[in-house]
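Visitor: In order, the protein sequences belong to chains A and B. So the first sequence is residues 21 to 380, counted in my numbering. So the second sequence is residues 21 to 380, counted in my numbering.
What the hints contain is simulated information worked out from the structure, not anything from laboratory work. A virtual CB, placed ideally from N, CA and C, is assigned to each residue, including glycine. None of the hints are false.
Derived coverage of chain A by chain B (criterion: at least 3 residues anywhere in the stretch with Cβ under 8 Å from a Cβ of chain B; other residues may be distant): (1) 60-73; (2) 183-191; (3) 200-213.
Residues of chain A clear of chain B, computed beta-carbon distances all greater than 10 Å: (4) G53; (5) R99; (6) Q309; (7) P344.
Protein chains: 2
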Amino acid sequence: MHELILRKPDGRALTLYSRRPIPAQIHATAVPGEGGGAAPHLRWHPLRGEWVVYAPQRQERTFLPPPQFNPLRPATDARYPTEVPEGDYDVAVFDNLFPALSAQAPPPPELLVPTASAHGHCEVVVFTRDPASSLGALALDHLALLLEVWGRRTQVLGADPRVKYVLPFENRGAEVGVTLHHPHGQIYAYPFVPPVPARMQALQLEHYARAGEGLLEGLIAGELRESRRMLYQGTEAVAFVPVCARYPYEVWVAPRRPCPGFADLSAAERLDLARALKTTLLKYDGLWQRPFPYVLIWYQAPLDDTARGAYHLHAALSPSYRMPGRLKYLAGTELGAGTFVNDALPEEKARELQAVAVSV
Amino acid sequence: MHELILRKPDGRALTLYSRRPIPAQIHATAVPGEGGGAAPHLRWHPLRGEWVVYAPQRQERTFLPPPQFNPLRPATDARYPTEVPEGDYDVAVFDNLFPALSAQAPPPPELLVPTASAHGHCEVVVFTRDPASSLGALALDHLALLLEVWGRRTQVLGADPRVKYVLPFENRGAEVGVTLHHPHGQIYAYPFVPPVPARMQALQLEHYARAGEGLLEGLIAGELRESRRMLYQGTEAVAFVPVCARYPYEVWVAPRRPCPGFADLSAAERLDLARALKTTLLKYDGLWQRPFPYVLIWYQAPLDDTARGAYHLHAALSPSYRMPGRLKYLAGTELGAGTFVNDALPEEKARELQAVAVSV
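Chain A extracted, bound-state conformation (with noise of 0.2 Å):
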């Protein structure tokens, strides 16, 4: 993997990734914009025990863009400067203008609750320079390149001793409240680990206490047996309609064996296991022949947790759909309680999706 590191006119970073190597003479370019005036903060929520992140400047995003205009497109016309540059590369990642969080975040203001600084990094990432693909349609080399990636993003925020945790995602569809469908995902590095890595994290590290193996890898080894949920089975990676999907359609991909973190992949897992996304990704394209709104989100180890042995990265994938045209709403029971209600038995939604066939 070859990266180039640059730096926008207005300050934030910006790294470009190839397979091949990238020609030095790329400048970085940047919409305009009123970047830098984040001012994110956090406040403690005492009876949910969380933080949440307040960043009122991301309301008054002052960038409107003329029509078809799209700002992760390479820039070609030097009169509408995009947020990243011509040239021949794969991957491009940069500093979110609205950032909610960031290493600039001032000092946090006094109130009823506690506060803290919204120290941490939302990076966007670029999937591809093709405005008209999508994640799944991306060729296996250049999803693994994006594994890679993954990786090496995790690697570079988590050297900042604030970062506790790094959550690289995709929100894909305007179902999920997305308006550029050009292929990007988003990274956010949090400054603790965020409820829901904190719940697995303390799960993972109770069963792995008490069992010796991860939680996920005997998960993953229980499915292979009753492999009625299973959608794709490599020699290094597998993806499967988890036995306890929340969502219809839910799919959950991972690695065999218990990786840690991106970093941990070999090369063969990242290729396998872009093989198991991609598989996923266009099952769920062909099933209704039309773009499948999700969110993906990657779950790796907690940068400062030193039991690696009980962390497996995954991805889980929760789409907006339970059957066509018929969104999954998250009401009462789902935001209330936390409760899930599933319509749709995990077997049945994986046979559906078992039944679509996909050339990878």
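On the provided structure of chain A, position chain B as indicated by the hints.
Guide: Then chain B, alone, in the frame of chain A:
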């Protein structure tokens, strides 16, 4: 409060409530449908440490009403029976035809992960016979009656020894997935304390043991002292945008006194709590001169917890919009990490709502 307990032709319970004696000759009606075939079950999610409810029969809802047919309107045409009868009453409560939790839930299947019976109750609460009304439009004494009904249902459902937590809520608006616009809410009675109330329970018990007062009691005292986020300050109840709001326009409504549940409210407290709630809802609808969609959750003490002083009944209202026409989407950081990013300061949103004049 007067109560009339009836049984629907298909065996489901229907209970009517009124401020006046209820004529005894009312007969319970029911929509035709395949109720009773409920076969929900629970599966344990080992990575999140929570139960997931599977209710596959809900996806096959056979009931397709003719256009304009409202199953929550009092039945006036024998050809189209509805879920509630004609008659002089204020509030109707009946068993959901497609319950996610049911007293008739069968033994669970054996699977890779622990499973359990989805024993419990799902009730529909019809707030009024008037389909054109809304929770906020109800007269104060009608709202106060509804608070008493929620207390009564908590008592009735809590008498089932397998029920551990009772959660009344209202999903309002197409934005949160509601297709029936007749004013109504739901009550879920769970066979466990769900994750969100369980987390609140642990934090409230810890705070109570340490500080000798309720966590919310102290927070309300602080909000009253600061006053800038208050929407309503009555003699018995308050409404405010909490300092740690996760949603723009989030509001909490609570009695001043730390009552653990509805059943502990005095008549004066119910009336003032009704006024606090009505004030909030009228401000919501008045803000943009349109019905304001939200999820309203009532948090009470867990049924089996004897440390009642630690708890403080309150409603948390989570609106769908962050500004006119712009939904607050839950995506990567909210769903994947459990960390909310709020683009608005609670102080600003409180000012907006304070500026909406209402007559309660």
